[in-house]
Structures are given as structure tokens and as C-alpha cells.
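Peer 1: In case you want the letters, here they are:
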Amino acid sequence: MTFIQALRYFVREAALSLARSWKVSALAILTIAVSLGLTGAFLLINHNLHQRVAQWQRESKVVLYLDGALAEADRQALIERVAAAPWVDDVALVDAATSRARFVENFPSLADLLEGWGEEPLPASLEVQIDAAATADRASGSGDLTIWLAGLRDDPAVIMVDDDRDWLAQLETVIWVLRGAGLLLGGVLLITAVFTIASVIRLTAYLYRDEIAVMRMVGATEFFIRGPFYLEGLLQGLLGGLAACGALAMLHTMMIAPPAGGAGFAAGGDWILTALAQEFLPTGQVLGLIALGGLAGLVGAVVSLRRESLGRTQEIAPSWIESADA
Amino acid sequence: MIRFFSVTKRYPGGQVALRDLSLEIAAGDMVFLTGSSGAGKTTFLKLIYREEVPTQGQIIVHGRNVSSLPLRKVPYLRRDIGVVFQDFRLIHRKTIFENVVYLPRILGFDAKSQRQRAYDVLRQVGLSHRMSAFPLQLSGGEQQRVAIARALINEPTILLADEPTGNLDPGLSEEILRLLLTIHRRGTTIVLATHDRSLIERVGGRVLTLADGSLIDDRHLPGGDPAFAIDDLPPPEPPSAEPTAASPTAEGAA
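These protein sequence lines map, in sequence, to chains A and G.
This note's numbering puts the first sequence at residues 1 to 326.
This note's numbering puts the second sequence at residues 1 to 254.
If we strip away everything but chain A, and leave its shape as in the complex, we get (with noise of 0.2 angstroms):
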């Protein structure tokens, strides 16, 4: 039998195991669907978030906030200190008449609060954007601009020095936690998704022992004999991911653009939805789960015959064994 007549083979007795026991199959591709969606859901969330905080670092600012006493020539010469740096893209000064107006317009309900003050109560600030380039840098928490802003806190012109990229830096480790805990929890779940389909498989070898031992009986290899077992679980895996890979796109489109005549999960305004759902993962990402859901299933049939021993020759069929004479 060459190799193309037994892969027809055994897709034809893949895809009947499958139709004739559907129930069990479906038990199966669901475990699967549903561990995948779970670890789905996460690099989807993962993967926005990674996309806002990018978006984040891009726009974000180092604001300096001025000693009140200085000099307007220090003040001139601090500005032109910073804007000479090479990853300073802009500087924009905020005085602290602009600093009040600011507040009162940005929360009204405290405006009441800077009442009362002989002079101006909040500082005037240097709004710094740093180059896109330099944040990597920063990022790694060493080079050039982190010394740079190192030497700015210790500046007695400066009374603070508030870097956006601090908070983002933190949440990039949020980020990275829930990336582990998603992968961690994914993985959890397709244990329990590969033992399922190991179970199935056993079962569906369980129901069919006696055309395996005839099978055997008159020559069958164990690769003829095994693969349509393999080729059904590959099947279930990767029906498993594909079903999976659905219901996120589904869920996604349901968040970012609602069903006509009703109410999308982001309509209300719920901007954090809304942002995490921006957009659909990579390509590659889709594949590699439908891919890891089929990996899952081959995994499952090889353990399942394993366990089985079908390799062996001795264990043609308990009933062969009960009927010996010796």
C-alpha cells in the first residue's frame, strides 16, 4: 500500500469514527476549544494591551516641575539645557498661571482649593517629550537618558520629576504577569484537553479491539492499524483550535462593533473594552493555536495507544487470551 492509499485510509476511517461517535468527538473538540479560547483570551488581552501601552510610551512626557524662586535667566538656560539633550524631541513650558488654569478646567469641583493663596499655589512646569528611540533605552533602566534624568531629580531647579514611562513601566509588568498566567492557565487546560482526547481515543480503540485484532490477525502493520486513531485526534485538535479561534473572533467583533439593532459590550462607552478588544490577533497567533490544538490531539491518540499497548502482539484481544486451551 503506498503511502497517499493509506492516507486516504485513514481519513475515511477517521472522519466515520468521528460521525459514528459525534458525542464523545464533540466532548473532546470542546475541551479543547475551550482551553485554547481561555489561553486566546488572554493573548488577546495581551495583545491589545501591549498595542495601548506601545501607543502610551509613544505620547508620553517627563514634566519638570520648577523651583518657584528661579531666575527667569535660569529658568531660559534649564530649557535650552534640555532641549540640547539629543532624545528630546520637544519642550514646552507651563507657567504657573497656565498650571492653575489647567487644574480649575481639568476638576472643577477642587477649583475652590486654590482659592486663598498669596501667590501662585501650583509650580510652573517643563513638559519634555522624549524621543520614541530613547524609550527602550529607558526602558532597560540603564544608558544615557536614565542618567540624564537621574542628573535632572538631583537639579535644585527642579523640584520633581514626574516620567510617565514610570507607571507604564509598571504596568508592561502587569502585562507580562497576566502573559504568564494566561499561558499557565492555558496550558493547565490543555493537559486536561490532551487527556480528554486520550480518553476518547481509548475508547474508540476499546469499541473497535476486534477489528484491530482481526487487523492484526491477518497482518496489519502497526502504522496502518494506528493512524487512523492518530489522524482522528490530530482532526479533534485541530476542530478544537479552529472552534476556538471562532468564538474569539466572534467575541471580538461582538466588543468592538455591536450586532445591528443591539448593544455591543463597548457601546455604553467602556473605554477599558473598548481598548482591549482594538484589535484581533496576529495571523501567526491564530495559526499557531489552531496548530497547538492539533498538536494537543496527536498528543492525546499517541498517549491513549500507548497506554493501550496496542504495539503488542500478546494483547491481541482479551478474548483470544480467555479462550487459549494452554
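For the record, the hints were derived by calculation from the structure and aren't laboratory data.
FRET-style restraints, in silico, Cβ to Cβ:
(1) D80(G) x D210(A): 21 to 27 angstroms
(2) S198(G) x D210(A): 30 to 36 angstroms
(3) M1(G) x I191(A): 49 to 55 angstroms
Computed far set for chain G versus chain A, every beta-carbon distance over 12 angstroms:
(4) E24
(5) A26
(6) A27
(7) G28
(8) D29
(9) V31
(10) I60
(11) H129
(12) S132
(13) G171
(14) T182
(15) G187
(16) E201
(17) T209
No experiment lies behind these values; they were computed from the predicted model shown.
Note that the Cβ used here is the ideal one computed from N, Cα and C, for glycine as well.
Starting from the known structure of chain A, arrange chain G on it as the hints suggest.
Peer 2: Okay, now just chain G, sitting in the frame of chain A:
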């Protein structure tokens, strides 16, 4: 064809099935293997088709030492050995055609060749008209004939039969025995295990007697029943013309 050299088979737990057995079965022989239940008959057959391996000694089949045959080569040994059991071992959810056509399918024969082979072999056992029936629609004797057809479809040089008449009434047993003798007449080596000594005495031939795993007798018995005289048996049927799609015998076969 088949040679045993000081073969001992001990099962896990210590039970000895065969003890220091040495014998030779020539090509084209028909040998009866007899003995009481538990004498070692089934183990003897299992060792030939490599269902079991001897604890000690060597077994040569077709010039191959099956005792040390790697597992991956066992299927190729079995393709040249037909095996028939007392309980037929037919798959009830499959048709007669599907039951006999396993090996041609494994060997990659196309659908037409599979149908032709199945038709030919079922014709030999007189069941070519029941190709689309299911095993439970047949009598016990017919089911055993299907099992024999399955064993013969690749024209093996050796046919092993383990109590093939054990589940059949005397009339059907005689029918199966006559069929086996006809197959033997074509040159197939047959080893037939049975505890029915009266059957052996009617047919006659080489008889190996086992007791408690040892060969206690190896003799040639003359046949007592003229109904089983080799010369009186019908000649083997010649290969038929290929069944056509319109032929009722091939209906539902594929």
C-alpha cells in the same frame, strides 16, 4: 515448512504450556493436533503465528526464525499464514465481503481487485452469493466458512485451525472438515487442533498428541471413513471470471 527445536513455553505465573517440544511439519502436510483441554494445542498454534514467543528453543517457519522475529516484521509473517478459530472472530457490523477483504485492503489492492479476490475465495467456500449479508444472518457453519475464506484470501501456504468445528453440530463439522481437506488438496499446509478424536479417526493422517505440554505421540492414522478419502473430494474450483457490477453476487460488495 514448520520446525520446532526444543521449544518450551512458560507463561507469567509459572504455568508451563509446552515442554521441550521438537518436531517438523513438512510443506503440504495436513497434521492433526490433539490432546485434552489445557494440553498446549492453542499455545502451539500461537507460537507459529507469533502471537506468543517461546521461553526456550527456536521455531522456524518458512525459513524464518519466528522466535527472534522483530515485532515490525510479524505482520509480514502473518500475511502468509491463515488462522481460523472456534468462535469465527467475524466482525458482526461488517458484511461478509468486508470481513474477508481485510488483507487485500491492507495490501493496497484497488476496489475491483478486492471484489474479485473476495468473490473468488467466497466461491471456493460456497458463499459467493452471500457477500452483502452480515455474519449473524448466516448459520454457524457458514460463518466458519467465511472465517476460512478470510484466512485463505491471500493464498497462504499455511492454514492454522484452532478447534474449527468446536462450535458446530456433527453435520456442519463434517462440512467444514471436507472444506479444509479440499484446501489441503491444493497444497496448503494445514495444522488443525481438535480434541475430537473420533473426527481424526474418520479422516486419518498425521496426528500429534499433546499431554500437559509434552508431545506424547506422533503417528500416522489410517482414515476410517471413505467419505473423507482425498480422491473422493471435489477438485478445487478454478478462478472465476470477474464479477460484474450487474452480477447479483457482487451486489453491495464494495
